[in-house]
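Protein chains: 2
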Amino acid sequence: MRFLPLLDKFIVGFRDRHRIPRLVLLLGISGGGLVSYSEVKSDPSVTDSSIPRTQGKKRLVVLGTGWAATSFLKDLDSSLYDVQVVSPRNYFAFTPLLPSVTCGTVEARSIVEPIRKLIKRKNDEIHYWEAECIKIDAANKQVHCLSKHDKSMEGKEEFLLDYDFLVIAVGAQSNTFNTPGVLEHCHFLKEVEDAQRIRRSVLDCFEKANLPNLSEEERKVILHFVVVGGGPTGVEFAAELHDFVCEDLVRLYPAVQNLVKITLVQSGDHILNMFDERISTFAEQKFQRDGIDVKMGYRVVEVTDKSINMKRKDTNESSSNPYGMIVWSTGIGTRPVINDFMDQIGQHDRRALATNEWLNVRGCDNVFAIGDCATIEQRKIMEDIFNIFKVADKDNSGTLTVQEFQDVIGELCERYPQLELYMKKKHMRNVADLLLGNKESNQTESKALNIEEFKLALAEVDSQMKSLPATAQVAAQQGAYLAKCFNHMHDSETKPEGPRRITEPGRHRFHPFRYKHFGQFAPLGGEQAAAELPGDWVSIGQSSQWLWYSVYASKQVSWRTRVLVLFDWTKRFVFGRDSSQI
Amino acid sequence: MRFLPLLDKFIVGFRDRHRIPRLVLLLGISGGGLVSYSEVKSDPSVTDSSIPRTQGKKRLVVLGTGWAATSFLKDLDSSLYDVQVVSPRNYFAFTPLLPSVTCGTVEARSIVEPIRKLIKRKNDEIHYWEAECIKIDAANKQVHCLSKHDKSMEGKEEFLLDYDFLVIAVGAQSNTFNTPGVLEHCHFLKEVEDAQRIRRSVLDCFEKANLPNLSEEERKVILHFVVVGGGPTGVEFAAELHDFVCEDLVRLYPAVQNLVKITLVQSGDHILNMFDERISTFAEQKFQRDGIDVKMGYRVVEVTDKSINMKRKDTNESSSNPYGMIVWSTGIGTRPVINDFMDQIGQHDRRALATNEWLNVRGCDNVFAIGDCATIEQRKIMEDIFNIFKVADKDNSGTLTVQEFQDVIGELCERYPQLELYMKKKHMRNVADLLLGNKESNQTESKALNIEEFKLALAEVDSQMKSLPATAQVAAQQGAYLAKCFNHMHDSETKPEGPRRITEPGRHRFHPFRYKHFGQFAPLGGEQAAAELPGDWVSIGQSSQWLWYSVYASKQVSWRTRVLVLFDWTKRFVFGRDSSQI
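For the protein sequence lines, the chains are G and W, in the order given.
Here the first sequence is numbered in this note's numbering, starting from 1 and rising by one per residue.
Here the second sequence is numbered in this note's numbering, starting from 1 and rising by one per residue.
A few of these clues could be false.
Copies of the same chain look alike in the list, so a pair counts if it works inside one copy or between any two.
Once the Cα atoms are required to be at most 20 Å apart in a straight line, the calculated SDA-like pairs of lysine to any residue come out as [said to hold, decoys possible]:
(1) Lys424 - Trp546
(2) Lys425 - Gly437
(3) Lys390 - Gly155
(4) Lys156 - Val221
(5) Lys571 - Arg560
(6) Lys484 - Ser79
(7) Lys571 - Ser554
(8) Lys306 - Ser320
(9) Lys148 - Val221
(10) Lys148 - Ser201
(11) Lys120 - Gln257
These are calculated hints, taken from the structure and not from any lab test.
Sequences are here, hints too, so could you generate the full structure?
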């Protein structure tokens, strides 16, 4: 809904925009039409030298170089905008392979691609700044950026970028749920550096446990690896670690091979509980066979430098477990810059930035958010129920026939996807089933509903609203979708392609974003993987592992990383994993 | 000379040795004949659990996992000793490829091999402790070790190892010549981590120079790379960096491609001055063509956070040069543990541990030193001149004939290699030339020399004594040589194979160590390398680069690293070097 004002403003040139008062506009046109802003003392600002701008093109600032941002940049027609990318990470990382990096199955460098290489394919139309966005100033349409190169830059490490459109794709950070000691003593598994640190730490534990003057008890503690979180990342890491220990390390550290223990702590009743039950059960059984101690229904209450303290949820029984290393992988939380931005735009205390179905941030016409930092707030059908009735009641009779509703059901399902889900869930074959109930559906077209009957029929539809998981797949699809919208923004003005508007006349300019689930994998170690594919198809075992290899190889962002990852896998098969502390 | 007492003691079992008074010997024999020593409070000690010992075998402790130690361990028959290896680095690194790692031509992991894998081939007869030797206690035959895992070890991070034989191969550290600011602001290039840091730092400079609000002057400073030291490492790094910039980075950072400057600072009058002059000249000319600023005859006096201050040696003119990054590669210095050990054994203020020609540390019968931490102190011929005369004068006539001297010249040349070098240098064809001078050599056997004439003839021989360069080649040969000595220690007692003793009766047990120079390479970038091979053969150009590739591939310590290095080179040819900051 908020897309319209944005599009209306599209034609208005940026010269008409108000400049913020504390910045003095110098507008020194030099060389190729460069625009420069100088600062009022101590305030960071952009100078002319580095951002050549084409007059008339809208400034599009993209924050992030993860899945969402990279997918967006890849599909964007960058000749239409002045594109600038800001991220503290000058590369894209293929995060689903991060657990493999923790144990050296795949090398860190094999899963990253420099963002400059990716944008290079766009003929230098995109600028990249290695900096972190520390503040989004929606009122002044600016982002404040801070380079990590803070030494000897004399204040120049901070700079401002003006935007006409902003795409926020900064991702999320690990969530500690404010558990004391987690930040200080646990490893996370979000970034490539995290994976490298974990790898070094695992080997450190083995070297440490091998030192001469320790008791067996002390060695056991050092070799107690705890994974908190039974989601795909935690489970995959536990599985990788188990393989690394059993296939490689026991040969090199024979003295301690029987002292290793891996514990997986899960607060829920099952691990991998976002997967099909068959997969959860298989994973639990496999881990049991492997000797991985899966503690389900436990909540971590504190982590100290020596032990991790847990509470059993059902009995409230406490336990203190000495450990050698902990990997914390319990879900994601909001980054500070997003929290601050949400406060500015009145989205207090949310888990993520709320956008509409067109990925437009609620309350900010020209700001879009994709990936883990955002969540789509689905429009409730009951909010619009009167308007829907009005739109469907073509003859303005005050009652709605099945036929009348049939005419708009397609567009309604696009606008309110929960409607389709609801009908599917209730096994309704057609509109008559929905409006009249399964039993009365033979009355068909003769029956007409008034508004109250209509409300009653649709009363429970909104219960089917689902938020999307925070996965690479969702982020990538959102990026690609948004790029398409940006590419067709001009055309869509005259030829809107979206569904009919319900509360206003006319049509939406674009189809709303719809997520297509292509399935998900859970590698379980020992060349076994579980795959959940669309259509309730579940596959478990070695064949799934090979499917996993082929899908992950094909999904690589460049031929370079594809070759490297394939080589790494081959290398692992031939030589095993490397155990040097690099 | 000092080898004899060591060998004499060899038969005496370790039970006869005096234990140091402040340690209480518990000698708790458990399980498979384990010996345990408990400590007198607060003193670190070895416990029984981790060091299974075979009664009667001598304890051999090896410090280090570099070229010398690895080569020693590789060739050692470890079934003859109880071998323990101590090093803070649990891998061997193929250091000649370090400059390639700085720019991503080769990956760090491709040039390292876990030491546990190397010793694994010995059927677990070798123990490895990941710790640093912090003190060598020669009087008590102990080494004090400190694990880097200092956290939560409750004092157990420090431990003692007893030895019967000690092989010191800890290498050296970078030498700053006490130049102020070097430690704080410069990169070194000794370890794999150094190379990785340099790589990140180079890319940091490029990202930093690309930030929006900088002047061209500021960008130039950030992209000013300074290499101090015109030896093989410094030159190769400068060449690699130049290639990295020209072949890869300019494509990704087109905005700053003309601002990059590389300066190579050399205190001597030529770079690569340990090489043939033709190579030095070629390198200087190539660097000039490449735009690398070679500053010869400059001494660095201070490094601050912003600039590197130099003095021109001939004019004493000072200059201050702002920089973005400095790599300091001017030679090696002594590690603190070696300094401390030298003080203990009366070798004060030396550059490295002095050993005799059998690599036995002077003043310590059962301690050996190999690699960069040691230097062989050649025996002077003038010290032994009377004994030599006596040995050669078979008929005790008081005069020496050419024939008499001819009979011992072979053994003398082995014992005093400077003799052979001297004769070669002076173009002497035979012993007569040496004893009688070139002109009188036709008098041949009739002439006999008295002791004074003999002294005069050999007076300048010792001027040809040369210390060996601190290279991987020397270290590896020393390791292999020493391993052979250890392997044959028992046999050699009855069948000594060395040259005749000069000051005592009998023969030396082993041939003294002799270094064989197989040549050296200097890669100069742009697929050009210089090679200096034995026999004054110099080769410069692309063919040498290919020779370099084949030699370095063949010299890899394992098939794994060989494959990885070859793959890295191929990868670089196909995809270029990676520029992501991992």
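Structure versus earlier hints - violations, ascending order: 1 and 3
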